[in-house]
Amino acid sequence: MVDIPRGPTPPQIIPDTVPPDYMPPPAEVKEVELYHAHSWITKYVFCQDAKIIALQYAGTALAIGFVALVLSWLMRLQLGFPGLLAFIDVNVYYQFITIHGMVMVIYLITAIFLGGFGNYLIPLMLGARDMAFPYLNMLSYWVYLLAVLMLVASFFAPGGPTGAGWTLYPPQAILSGTPGGQQSGILLMLISLILFVAGFTMGGLNYVVTVLQGRTRGMTLMRMPLTVWGIFTATVMALLAFPALFVACVMMLFDRLLGTSFFMPSLVEMGQHLKYGGGSPILFQHLFWFFGHPEVYIVALPAFGIVSDLISTHARKNIFGYRMMVWAIIAIGALSFVVWAHHMYVSGMNPAFGFFFAVTTLIIAIPTAIKVYNWVLTLWRGNIHLTIPMLFAIGFIVTFVNGGLTGLFLGNVVVDVPLSDTMFVVAHFHMVMGVAPILVIFGAIYHWYPKITGRMMNEAMGQVHFWVTFAGAYLIFFPMHYLGLLGVPRRYYEMGETAFVPPSAHTLNEFITVMALIVGAAQILFVFNLLWSLRYGRDAGPNPWQATTLEWQTPQTPPGHGNWGKELPAVYRWAYDYSVPGAPEDFIPQNQPPQRAATQASLQPAPGE
Amino acid sequence: MVGILTFLAVVTVIIGWYLSRQRLFSKPWLEVGVIDEAFGAGGQPRSEPLDRPARLGLGLFLAVAGSLFALLISAYVMRRQFPDWQAPPVSDLLWFNTGVLAASSLALHVTQRLAGSGRWDDAKLGLFMAVSLALLFLLGQVLVWRQMTAAGYLVAGNPANAFLYLIITLHALHLGGGLVALGRNALRLRHMEEAGQARVSAGLRLCAVYWHFLLVVWLVMLAFLAQWVDDVVAFCGQFLT
Numbered sequence: 001m002v003d004i005p006r007g008p009t010p011p012q013i014i015p016d017t018v019p020p021d022y023m024p025p026p027a028e029v030k031e032v033e034l035y036h037a038h039s040w041i042t043k044y045v046f047c048q049d050a051k052i053i054a055l056q057y058a059g060t061a062l063a064i065g066f067v068a069l070v071l072s073w074l075m076r077l078q079l080g081f082p083g084l085l086a087f088i089d090v091n092v093y094y095q096f097i098t099i100h101g102m103v104m105v106i107y108l109i110t111a112i113f114l115g116g117f118g119n120y121l122i123p124l125m126l127g128a129r130d131m132a133f134p135y136l137n138m139l140s141y142w143v144y145l146l147a148v149l150m151l152v153a154s155f156f157a158p159g160g161p162t163g164a165g166w167t168l169y170p171p172q173a174i175l176s177g178t179p180g181g182q183q184s185g186i187l188l189m190l191i192s193l194i195l196f197v198a199g200f201t202m203g204g205l206n207y208v209v210t211v212l213q214g215r216t217r218g219m220t221l222m223r224m225p226l227t228v229w230g231i232f233t234a235t236v237m238a239l240l241a242f243p244a245l246f247v248a249c250v251m252m253l254f255d256r257l258l259g260t261s262f263f264m265p266s267l268v269e270m271g272q273h274l275k276y277g278g279g280s281p282i283l284f285q286h287l288f289w290f291f292g293h294p295e296v297y298i299v300a301l302p303a304f305g306i307v308s309d310l311i312s313t314h315a316r317k318n319i320f321g322y323r324m325m326v327w328a329i330i331a332i333g334a335l336s337f338v339v340w341a342h343h344m345y346v347s348g349m350n351p352a353f354g355f356f357f358a359v360t361t362l363i364i365a366i367p368t369a370i371k372v373y374n375w376v377l378t379l380w381r382g383n384i385h386l387t388i389p390m391l392f393a394i395g396f397i398v399t400f401v402n403g404g405l406t407g408l409f410l411g412n413v414v415v416d417v418p419l420s421d422t423m424f425v426v427a428h429f430h431m432v433m434g435v436a437p438i439l440v441i442f443g444a445i446y447h448w449y450p451k452i453t454g455r456m457m458n459e460a461m462g463q464v465h466f467w468v469t470f471a472g473a474y475l476i477f478f479p480m481h482y483l484g485l486l487g488v489p490r491r492y493y494e495m496g497e498t499a500f501v502p503p504s505a506h507t508l509n510e511f512i513t514v515m516a517l518i519v520g521a522a523q524i525l526f527v528f529n530l531l532w533s534l535r536y537g538r539d540a541g542p543n544p545w546q547a548t549t550l551e552w553q554t555p556q557t558p559p560g561h562g563n564w565g566k567e568l569p570a571v572y573r574w575a576y577d578y579s580v581p582g583a584p585e586d587f588i589p590q591n592q593p594p595q596r597a598a599t600q601a602s603l604q605p606a607p608g609e
Numbered sequence: 610m611v612g613i614l615t616f617l618a619v620v621t622v623i624i625g626w627y628l629s630r631q632r633l634f635s636k637p638w639l640e641v642g643v644i645d646e647a648f649g650a651g652g653q654p655r656s657e658p659l660d661r662p663a664r665l666g667l668g669l670f671l672a673v674a675g676s677l678f679a680l681l682i683s684a685y686v687m688r689r690q691f692p693d694w695q696a697p698p699v700s701d702l703l704w705f706n707t708g709v710l711a712a713s714s715l716a717l718h719v720t721q722r723l724a725g726s727g728r729w730d731d732a733k734l735g736l737f738m739a740v741s742l743a744l745l746f747l748l749g750q751v752l753v754w755r756q757m758t759a760a761g762y763l764v765a766g767n768p769a770n771a772f773l774y775l776i777i778t779l780h781a782l783h784l785g786g787g788l789v790a791l792g793r794n795a796l797r798l799r800h801m802e803e804a805g806q807a808r809v810s811a812g813l814r815l816c817a818v819y820w821h822f823l824l825v826v827w828l829v830m831l832a833f834l835a836q837w838v839d840d841v842v843a844f845c846g847q848f849l850t
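Keeping their order, the protein sequence lines are chains X and W.
So the first sequence is residues 1 to 609, counted in this note's numbering.
So the second sequence is residues 610 to 850, counted in this note's numbering.
No false leads were mixed into what you were given.
Chain W residues, not near chain X, derived (Cβ > 10 Å throughout):
| id | residue |
| --- | --- |
| 1 | Gly708 |
| 2 | Ala832 |
| 3 | Asp840 |
| 4 | Phe848 |
Quick partial rundown of chain W residues pointing at chain X, CB under 8 Å, derived from the structure:
| id | residue |
| --- | --- |
| 5 | Leu617 |
| 6 | Trp638 |
| 7 | Pro662 |
| 8 | Asp693 |
| 9 | Val764 |
In short, the hints are calculated from the structure, not lab data.
In this text the structure is predicted, and so the values were computed from the model without any measurement.
We treat Cβ as the ideally placed atom computed from N, Cα and C, and that holds for glycine.
Make a model of the complete structure from these sequences and hints.
Encoded structure:
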């Protein structure tokens, strides 16, 4: 699709068909219909306002994320300098691996994108006063918090947390040789995941219904910012994919507690024939990856959406190929449900299946590539402002392409088989679904912090944070690809006297560890900046980035109760009217009526006058 | 995984149908002005059901729950191909329970119709019957458990037993959640002046839809447990070979 250059007054097209399924809420909402907090507890703790719930989600996710960050430091210290920390034995190492992975993928990234940004941005960007079901929304957060606390509790349980790896593969996950397998670690993990799915479902229903039913007048689906499209599609996917994790966890709980054999084959442990028999570990893998692969896009799609908005706003240019971007999001969402078994090439599957899943995996690269091209073409000849959010957005594009390309390697069966379970895989998925989405999370926080707090984040600290994080991530994960190609296996506590690993690999491991420590420390600076700017940050004003979308047009900053004043905004245009020829400013907010824009344009002196 | 993929194919068709009505081919960069979907031809506001968001929310939840049960079926089909599978006999009580659930579903359907036409006294009776029958169903399922255990079909005895217990449990938990929602509506029915007739009526309608859904899910599950599906597949297979 090619964007048609627009004249000063774009033609108004009256739609020929009117979607019959949707009626926007009335512009005026009687005060009594809004949820009112009557005390400090109901305003900030058991709160039903989506904005507070968003901050609760984000705060909890970042807090548990820091635990996972510290675990990654400890793992890296063990890999770089084996034996340096005496308390890290092989069991503890596996526990760290497991909790680090699980927290980062589910409790941090998924929760912050959907629960954090979803809650904050969906109502504001769509011109709604709140989510469709505020009480359910509040419940969603508290169930999520309970899930996090269960996970944390496993650290203090006898035997500690589970060390089964983040994929929790049976049979080892519930055997006594695995840390927490025959103690409470695995139980707390499974219950925590079940709670997470239940909590997410409550929130997810809210996000989807709000997008479909809570939009203000004039906000058609095709006028929604891509951020909302990304979060919306990811939520629909998550609602359909998380039940697979739920079923897998319930069945494993049955196996562990009641002695059933859903997943457990006959096996002998410590010379004893166990009571299990005939179960299929592969069945668990199917269920897990039926959730697990869509999960990759559940975190990627919100990142895609947010990065589109960041790039367009900070390059002062309309997003290139908006329609194609929307279609690509939908296509990726649909395709991601038929690629799951590419995580199972080495499980002994039928070669025909391997071929099928390799093909679908490669096909999904097409809509993804379209998105990347469109981001680059949006930047092309844009008025690029290298603000901190923009730096993170560009950092994301580069990193995502990088991680995506190694994904094409691993999507092919013949390349995947030798690389499976090596550090190459670790490097690939950290680049594509670790570093890349986290860069977007940072960019988004720098971008929307002024709206949330009314103050700008400190620029100098932001610059240091970006460059250390961005460059550091490459210094960590680029060498890791090389280690993988050498054959260094993942999940190993120590390499020992492995003949095929040269001494230089150990030096490289030390280097990676030092870099990981530095990048981790930079995140402490980020947290300091968050807190410091809250008090000392420059006053932001209502719309510091001169953005078009509705959240920047609220009557108050930070947005007050009910988001909007007495009347909801009406939307007159799409979300990307930047640098419109003839317009007095280089942006036209979505809620600016056409007459006013035209009048202002006519008052402007023509070039040369 | 055929079960879940079939289910998702149906969901995809519904989503595709919905999106096809959302002007995804429009060119939003060329359209300026309010596109007001609230008004039909002649500027008349289109009538809108009061409970549209709740209906949509329920529809989505049914998709989530449907996905869960479809995955369960997929796992069931994959697991039963292993040689240790020994399906337990289907208790007669299960057939009785199925009848009770169907009666509960029918009672709730009639209740919401009665509420819709303003016959509140009859609706109260209908609601009482629907709740009683649902509780009877849950009690019957517990008895099935006890019967199976007494007959030696223990949960860990065979994966087929385990699936039966798991399916009964998950289905009963969903019905239990439905009873909580129905209880809220019963309370509203008692204090109708505060809640408003339209709200109570809308709530009962949603509960009835959920009850029908749980009945359909149970029938599908039963079709697998009673091996009707195998018979159908074998019957169709004759023609293919």
